[in-house]
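A.B. asks: Letter by letter, the chains look like this.
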Amino acid sequence: MDFLRPTTWEEALAAKADQPEAMPIQGGTDVMVEINFDVHRPPALLDLGRVPELFTWEQVDGVYRVGAGVPYVRIIEELGEALPGLAQAARTVGSPQIRNRGTVGGNLGAASPAGDSHPPLLAAGAMIEVESRDRGVRMIPAHEFYVGVKKSALEPDELIRAFWTKPASGPQYFSKVGTRNAMVIAVCSFAIALHPEERRVGTGIGSAAPTPRRAPAAEEFLAAELDWDAPLDPAVVRRFEELAAQAASPIDDVRGTADYRRHAISVMARRTLTWAWNDYLRRRAA
Amino acid sequence: MTIPLRAPRDIAAPGTGRVGDSPLRPDGTLKVKGEFAYSSDLWMDGMLWGATLRSPHPRARIVSIDIAEALAHPGVHAVLTHEDVPGRKHYGLDHTWDQPVLAIGEVRHQGEPIALVAADHPETARRAMDKIRIEWEVLEPLVDARRAAFDPAYPQVQERKNPARHQPVRVGDVARAKQEAEVVVTGVYEVGIQDQAFLGPESGLAVPAEDGGVDLYVATQWMHNDLKQIAPCLGLPEEKIRMTLSGVGGAFGGREDLSMQIHAAMLALRTGRPVKMVYNRHESFFGHVHRHPAQMRYEYGATRDGKILYADVEIILDGGAYTSATLNVVGNAASLGVGPYEIPNIKIDAYGVYTNNPPCGAMRGFGAVQACFAYESMMDKLAAACGLDPVTIRQINACKQGSKLATGQVIEAPLPMAEMLQTARELPLPPPLDPTDLRNLPGGASQTTHGEGVRRGIGYGVGIKNICFSEGFDDYSTARVRLEVIGGEATALVHTAAAEVGQGLVTIEAQIARTELGVDRVVIHPADNRVGDAGSSSASRQSYMTGGAVKVACEAVRERVFELVPVRLGRTYPDLSLEGGKVVSASAGVLASIEDVLGEEVIEETREFHHHPTTGMDPVTGQGSTHTQLAMCVHRAVVDVDVELGLVKVVELAAVQDVGKVINRVSVEGQIHGGSAQGLGLAVMEEIVVTGGKVRNPSFTDYLIPTVLDMPPMRLEILENADPRAPYGLRGVGEPPTLSSTPAIVAAIRDATGLDLNRVPVRPEHITSPAAP
Ligand SMILES: Cc1cc2nc3c(=O)[nH]c(=O)nc-3n(C[C@H](O)[C@H](O)[C@H](O)COP(=O)(O)OP(=O)(O)OC[C@H]3O[C@@H](n4cnc5c(N)ncnc54)[C@H](O)[C@@H]3O)c2cc1C
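Taken in sequence, the protein lines are chains A and B.
In case it helps, this note's numbering puts the first sequence at residues 1 to 286.
In case it helps, this note's numbering puts the second sequence at residues 287 to 1059.
Certain hints may be false.
To be verified - Here are some, though not all, of the chain B residues that point toward chain A, as calculated from beta-carbon distances under 8 Å:
| no. | residue |
| --- | --- |
| 1 | His736 |
| 2 | Leu855 |
| 3 | Thr858 |
| 4 | Asp861 |
| 5 | Thr987 |
| 6 | Leu995 |
| 7 | Glu1051 |
| 8 | Thr1054 |
Think of the hints as simulated: they come from the structure by calculation, not from any bench.
Keep in mind that this is a model prediction, so the values were computed, not measured.
We put the CB at the ideal spot given by N, CA and C, even for glycine.
Extracted from the complex, chain B is given alone in its bound form (with noise of 0.2 Å):
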C-alpha cells in the first residue's frame, strides 16, 4: 500500500499529564504553527482532482444530461452520473437510504451532486463540469414546513412521506390543567439555520488498491458509519475500504453525513488513479446539512406564584429534502422540549419535515438547541406574568436528582440546577460600560456610538443535553490499547477509530492511558478501521464512550502487567497497582519498573465499551427512559445594546456548568468557551438566509461568525458531580453551553430592549422596528 503524503502518522502525545491534568494536545502546537496536515493537504504523485455538478434549483427535473463535451474535454479522466455508481443508489442515515449519490432524474435541494468529473487539474475539472449540459424542467420549490407537517394535500418531497417523524409526549391531562392555571403565557418562536462553519472544507483521497478495493484518507466524525454507506454504494465488501481519519478541520455535526467519500471512491475506481477533493467554501456550504429551522409554538400555564401547571408545545424542524439525523433531532426535541422543568401536564408535538429547503441534520445540540431558544423565552415570559424574576421562576420550577423528564425519565445523576442559578446570579457583575475603548462598544471599532442609546441588559438560559445516543441506541466504542518496551521506555499504543475533529480526544486518550498504565510515554495511532467501531464524534460522547474504551483496554493490559509479576519476581502480590513507571504493591511498596516486568514482551488487548442501555420513545406518548446522560449548562449573559441602531455588543457570559469530573481543564474550558460562542452566533448573527429554497449567502462575507471582539471574556464555575455511571463521573461537555447560551444572550437584549425578540438570530432591524418580521 502506498502511502499519501501528508497522511496520518503515529504522533507521541506530550507531556506526562494524567486524568485531571492539562497536558499539550499531540495537535496543539503543529496547528498552531500551520503545519497540521488536514484532510486538504493530502497529496499523491498522479493523483487526479475530483469536481461535482450540483443542481443550481432547488426542485427540477432533469430532462436529460449530456456530458459527451465534458468528457471531450483535454485533461478529463472521467464524468460520472448516476448511471455509474456501483453498487446501491442511495445512502443516508439511520438506515434511511434516502439520498442519492448522484442525482437520479431530479434534484430536491440546491447544491445536489448531480455528475463528477475527473482530471488532472482542479481547474480543468471545473472547466470540464461546465460543459455537461443538462435540461432542465424547474418545478415550484416546496418550502412550507407548516404545510408540510400539516396539509395532506401538499405534494411530497420524495418517496419517505411527510412528516419524516412525529413525537408526541403526552403527560397527565393538559385539558384539565388548562381549566386550573391562573397565568397563562404563549409565544411563537422562530430559530433560523444556522451552519457548523467548520473551516477545513470537505476533502480528503481516495486511492484505487491492488486487490480491487480502494483506500480512504477522509475527514469524518465516525468512520465506520460511513462505511456502512460506502460500502453497498460501490458494490465492494466492507474489508476492501481501508478507511484513514485524516485531519479534520472542525466537524460540529456537519460531518455525520457523507460529502465526498463515495464521490471520490467512484473515481478513483473508474480511473484507477488516487483522486483528491475538495470543496472550496462556497460549495462547502452546499456539501454538508445545517442546523435545522424550527418554527415553536408554546403555552405554559402556571400558578400565580409561579408553578408551572402544564406545557403545550408543538415544534415543526425542516429537515430539507432528505432525512439525514432529521429523526434523531425531532426524538431530543420531543424529550427535552421543555428543558430541565418540573412540569405536571405535558403535550409536545414534535415535528420533522421534508422540504425543498437546504438540507439539514446534525449540528451541535441538535434537536436541543431549538427547543431550549423556546423553552427559556417562556421561562422569562412566564417571570414576567407572575412578576418574579428570571432566576427564581426556574428555581421553583427546577429538575433536580430524582426528578423526572417530559418523558418519564428520572434523572439519575446529581441535578443541582437551583444551585447552579443561585451561583450564576451570585458571580460579581461586569463594571458598568466605558465608552472611552470604541471597542467595547456595541458597533465596536466601526465607530456607531459614543455611549449614545446603549443600555445594559442581563440574562439567564439553562439548558439540558442529553450525552451519548438515545432511543435504545448502542453507540459502544472499541480500544485496542498495546504496552512495550521501546528505547528502553515503557511505551502504550493506544488505537481508536475515533475521530479527533479538534475537540482534544487524542490528548484525554493519552491522560487515560498514563493514568491506568503508570506510563508517561504515550503513542496514538492515526484513527482507522483496522480496529473496531468507536462510534460518531458527537453527542458530547467520545470523552465518554471511547475514554471509557481507552480505560477498559488499559485495564485489561494492566492485568496482563500483573500476570507477569509472579513470572518476573517468583511470588504473588494482591494488592498490585501501576504508578510513576513502577509496578507498585500496596503492602510490599515500589516492586519493580514496569520496563522490568515486561522485558520483551508485548501486550496488546481490545476491549468494547458500552453504556448502560437506553429505551425507545413511545410512539403515542413518548414515555421511555430514553437518554444515557444529561448534561447541564446555566449562563448568564450581560449586554449593551444601542437600541437606535440594534446593535448588540455581548459584554460578558458566565457559565456554570455541571462537568461530572474534569479529565482536562483547558479542554473543558475550551468546549465551555467554544460552545458559548457558537449560541452568541446563533442568537445574534449566524444565518442562512434562504428565499425560495435558494441559500442567499453562502460565503463567510455573508455568513457571519463571531470574531474576538464579539465573543467577550468568559466567567466559568466549573462543578464536578460525579455521575456514578460513567468513566471517572465524567459528562459529556460540548453542547450543554451551546443550548444556554443564545436565550440567554436573547433574553438579556429583551431586558435592555423591552422587545419581544421571539426569532434568532436577533437583526439590528428587529431591533429598530420590531413589528417588521
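The following block holds chain A by itself, in its conformation from the complex (with noise of 0.2 Å):
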C-alpha cells in the first residue's frame, strides 16, 4: 500500500488527480478502523495531515469557512459561539480521543447516514466545497451532498477543502438517541436550527434514512404556520413532530427498530423545536 504524503493543498489535489483510487485520510478515525476490519484494501493512502489550509477557520464575508481537517476538539473550542449546533453535535462524537482526531471533512467523506455533522450541518444550510485539478472549485449544499449510503456527491478525483457556513443567527440544538449515555453510534438524531431574520427553520435528520435528510414538509409547515412574536402554540408543534417523523424512512438494525427510530425523531422534533423557541423568546425579550 502507497503512503502519499502532500504537503500542500496544490499536491494534494495533484495526487488526488493522479491517483483517484487513493483514499485520503485525515484523522484516520474511520479509515484506520475500516482497514482493520477488511473493508477496504485501498492501493493507496493519502494522507492530509500535512496540509496546513485544511486546519485552518476563516470568515469570508461573514460567512464561516471551515477547513476540513479541523478537528472536533477545535469546532467545540472555538466555533462553540458561531456554530452551536454543530459544536453540540461533535461534543456527542465519540470518546475525548476520537474528537481530538475526527474532523467534519471526514465524517463527509464517509458520509455515513449516522454521521452527526450532517444532521446541523442540514439544519444550517451549510455548503461544502469540493475541489479537483482539472475542474476546479464546486460548491455543493449539503442536502445534494448526501446521495447514498455511505455514497456522496464527491467524484473520485476531487477533495474536500471546507464546508461553508452562516453563524447562527438563532437557536440551534442537536440530539442524538444511542443506548449508551456517551460513546455511541446514533440510533437517529435530529438538529434544527431557527433563522429568525429568514423566518424559517432548518431541519436535519441523522440515522432515519439511506441518507442524512431534511424534512422538508417540517420545514414549510413551520414557515407558514409559525407566529414568530408568540408562544409556541401547543398544535403547531405537534404537527411539526409527525412531519418530522414522517421524513424519516428508517429500517430495524442491531441499533434499533424502524418504529422506535421514528417515535424518537417525533419526541426529539418536539423537544429541540421547545428549547430552540424558548431561547428565541428569552433572547428577544432580552
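With the hints as a guide, bring the two chains together.
C.D. replies: Written out as C-alpha cells, the structure is:
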C-alpha cells in the first residue's frame, strides 16, 4: 500500500487526480477502522495531515469557511459560539480521543447516515466546498451532498476542502439517541436551526434514512404556520413532530427498530423546537 | 530454552502492605503507563503468524476443503485441517471432549475453527486463508432452545444428546402448597447473551522445543486444565509442554475454554518455528464462549402477608453447540434457582441444551446471574401482590445462618441478609436530578432531554453466589514459597500456577507472604506449570484457594525458620513468631533479625490447600451439600428514566456486601465496582444479538459496554462477618455484585415506568412500546 504525503493543497489535488483510487486519510478514525476490519484495501492512502490549509478556518464576507481537517475538539472550543448546533453534535462524537482526531471533513467523506455532523450542517444550510485539479471548485449544498448509503456527491478526483456556513442567527440544537450515555453511534438524531431573519426553521435527520436528510414538509409547515411573535402553539408543535417523523424512512437493525426511530425523531423534534423557541423568545425579550 | 521478548518475569511486589492493607499492585503502574506486556505483545525473532479460518455458517456440512492454493501462496509455511491434529481430535471442559480442535466434516456454530495457516506476516496468513476453498452444504440451524430441551423430534446438534443436563430440585410438596397459597404470581423472564468483552484478545506464542515438545505462552484462567486438554490433542506427554502465563487482558470466564492454544502449538510443531496468534476484536467475539441466554418461567405462591409457600421454576439455558461449562452452569442455576430465600416447597427444573447458537460457557456469576434476574423480579412482583415494599418482602423470606438452600444445604457461616437489606434501605439517597449538566441526564451529552419525561425509580436486588467449585469437585491450589537472604534482605519468592487476570491476586499473594513471614520484600514468580495446579481463576475462588495455599506454604516455611532458631541462638523458645523482619518470642521479646537466623539457608516449601469437601446434587431431588462457600451482595439502584425515549441513566448504585475479611480494600472495592458495572451492562445494554444462529453485532461499535457516564458513583458498605472455614475468614468477592446489580437496576426502571420489563437487557423500545417483544 502506497502512502502519499502531500504538503500543500495543490500537491494533494494533484495526487488525487493522478491516482483517484487513493483513499484520503485525515484523522483516520474511520479509515483505520475499516482497514483493520478489512472493509477496504485501498492501493494507496493519501495523508492529508500535512496540508496546512485544511486545518484553518476563516470568515469570508461573514460566512465561516472551515477547513475539512479541523478536528471536533477545535469546532467545540473555537466555533462553539458561532456554530452551536455543530458544536453540540461534535460533543457527542465518540470519546475525547476521537474528538481530538476526527473531523467534519472525514465525516463528510464517509457520508454515513449516522454521521453526527450531517444533521446540523443540513439544518444550518451549509455548503460543501470540493475541488479537483482539473475541474476546479464546486460548491455543493449539504442536502445535495449525500446521495446514497455512505455515498456522497464527491467525484473520484475531488477532495473536500471546507464547509461553509453562516454563523447562527438564532438558536440551534442537536439531539441524538443512543443506547449508551456516551461514545455511541446514533440510533437516530435530529438537528434544528432557527433562522429568525428569514422566519424559517432548518432541520436535519440522522440515522433514520439511507442518507442524512432534511424534513422539508416540516420546514415548510413551520415557515407557513409559526407565529414568530408568540409562544409556541402546541398544535403546531404536534404537527411539526408528525411531519418530522414522516420525513424519516428508517429500518430495523441491530441498533434499533424502525418504529422506535420514527417515535424518537418525533420526540426529539418536539423537544428541540421547544428549546430553540424558548431561547428565541428569551433572547428577544432581553 | 530461548525466552521470547516481553515474556513474563519475576516481579517485585511494591510496598510493605500486610493482609488488610492496600499496597499497590505489582502490575498496576505498568498497566497505567501502557508498559505491561500482554500476551499479544510477545515476540520472538523468526516467528510466524497463525490465523484461523472460521465458519460463516451456524450449521453446515463441509463437502470438501481444498488447501492447495493457500499452501502455494508465497510466505505461507503451513495450512492445517483436522487431519493434521496429531492426537485426540476433540477437547472440552469437564471431560466432555466434544469440541473438535478443527471442524471435522461439519460445523455447528458460526465462527467454528476449520483450518489454520502459518505465514511470515499476519496479512499474508489472512490472504492465504481466503484461498482455502470449501464446498458447503448449508443446513437449517437448530436454534430453538425450548424445543431442544423438550421435543424428542428436534434433530440433535451433536453426539452428546439434548439436554446436556437436566437438574431437578424437589423439596416438600408443591402440589399441596398450590392449594394453600393465598397469593400466586407468575413471570416469564429472558436473559440475552452477554459477552465477557475482555479488552485483551485471545493471543499467545508457541515455541517448538528441542525435546519435541512445545513452550506455550498464553493468557488463560487455568493452565493445568488447559494442559490436560492440550497434551492429548497434540499427542504429547504433559511434561513436554511448558506453559507460562502471559499478560492476561481480562477474562471473566471467557478464558476457561481453550482458544488458540492447541492451534498455535500445532503450527509451531509442524513448521519448527515459533508461532504467534492474536485474534482481532471481530474474531474475539467468535473466539470465546459467552454467557448462556436463558428462558425462565417462575410461579410463586405465598400467604397474604408475604411468606412464600412454594416456587415452581423452569430454567432453560442455551449452551450452543458444545458443552463447555454448561453442566456447571445448570448446576448453579438449579441449586440457586430461588436464591437466598426460605421456601418450604420447591420444584425447579433447570436444563442446559445444545443448539447452533453461539457457544456459551463460563461468565462471571454463571447460572446464578440468570436465575437472580428472575427470582428477584419475582420478589418484586410478590411484594406488589401482597401490598408490601420490596425490602420487607425480602426480609420476611430471607435466609440467615442456619437456613437451608433449595438443595437442603445448611448455611453454616453468618448470613445477615435481613440486616444487609435494612442497611441498603437506610443509606442516604442521592440528591434529586440536577438537569443543568447534561451529563447527569439520560442520554448524557447527546442531549435528548433537558429534564422532560424523566422519572426517578428505586429498586433492590439480592444475589447469592457459590464461591469455589461445587458438586464434589476438589479444586485445590498449590503454592511454592522460598525464603532466602538476597542482597542482605530476607526475600520471599512466591510461585503458583494461579492466573492473575487483572483481579489483583498477585497483590494479595505478596500481602499474605508478608503477613505470615514478617518480611517486606516479596517477589512473585511468573505463573507456570513447573509448580502444581492452582485451579481456575474463576468462581471467585483464588483469594480463598491460592490465598490459602500461599498461607499454608508460608506457615511451613516459617516452621523451618523456627527450626533454625536453636541452631543459631543455642536454645529453644516455645512461642515464636515472625514480625517486622524479626524473629520474636512472646516471652523473651525480639530474638534476632530474620536475616541473621536464615544466614545462607534457602528454605523452600510447597503446599497444597484443599477446601472442605462438598457433595454432588442428587440427580432426582437436587439435594446435597454442594457448595463450598456462599457470598452475598445487596444492591440498591436509583435510576432516572426518560420514559418518552426509553433512555436510562443509573444515578447511583449502592452495594452492601459481606466479604468475610478485607484482604485488600482497594481490590475489594474494585471488584464490587467492576461486578456492578458488568451487571449494569446486562441490565441496560450488553447483548450479543443473534438471528438464525448468526451474530449481528460482533464489534465494540454495536456490542456496547458501560462507559464512565453510564456507571454511576457507588456507595459501598463492606461487611466482615468471617467464614470460619476460609483463610482469614474471607469470602470471594468478584461475582456476587454481578448477580444483584442487574435485577436492582431493572426493578428501579420498573419503579420509574410502571412497566413489566421481563427481559434483559432492557432496550429503549421496551420502554417506549412495551408491547414490542
Ligand atoms: C471509537 C469511535 C467512535 C466514533 N464515534 C462517532 C460518533 O459518535 N459520531 C460520528 O459521526 N462518527 C463517529 N466515529 C466515526 C469517525 O470518527 C467520524 O466519522 C469522523 O468524523 C471521521 O473523521 P476523520 O478525520 O477521522 O476521517 P478519516 O477516517 O480520515 O476519513 C473518513 C473518510 O473520509 C474521507 N476523507 C477524509 N478527508 C477527506 C477530504 N478532505 N476529502 C475527501 N475525502 C476525505 C476518507 O477517505 C474516508 O473515506 C467514531 C469512530 C470511532 C473509531
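A.B. asks: Taking the hints in turn, state whether each one holds.
C.D. replies: Structure-based check of each hint:
Checking His736 of chain B against chain A by beta carbon gives a least distance of about 6 Å; that is within 8 Å, so the hint holds. At a threshold of 8 Å, the smallest CB-CB gap from Leu855 of chain B to chain A is about 62 Å, leaving the interface hint violated. This hint is violated: Thr858 of chain B has a C-beta 65 Å from the nearest C-beta of chain A, more than the 8 Å allowed. Interface hint status for Asp861 of chain B: violated, as the beta-carbon distance to the closest one in chain A is roughly 59 Å, over 8 Å.
The criterion of a C-beta within 8 Å of any C-beta in chain A is met by Thr987 of chain B, whose closest approach is roughly 6 Å, and the hint holds. Interface restraint check for Leu995 of chain B: the shortest CB-CB distance to chain A comes to about 4 Å, inside 8 Å, so the restraint holds. Proximity of Glu1051 of chain B to chain A holds as hinted, the smallest CB-CB distance being about 4 Å (cut-off 8 Å). Restraint check, Thr1054 of chain B versus chain A: the minimum CB separation of about 6 Å is within 8 Å; hint holds.
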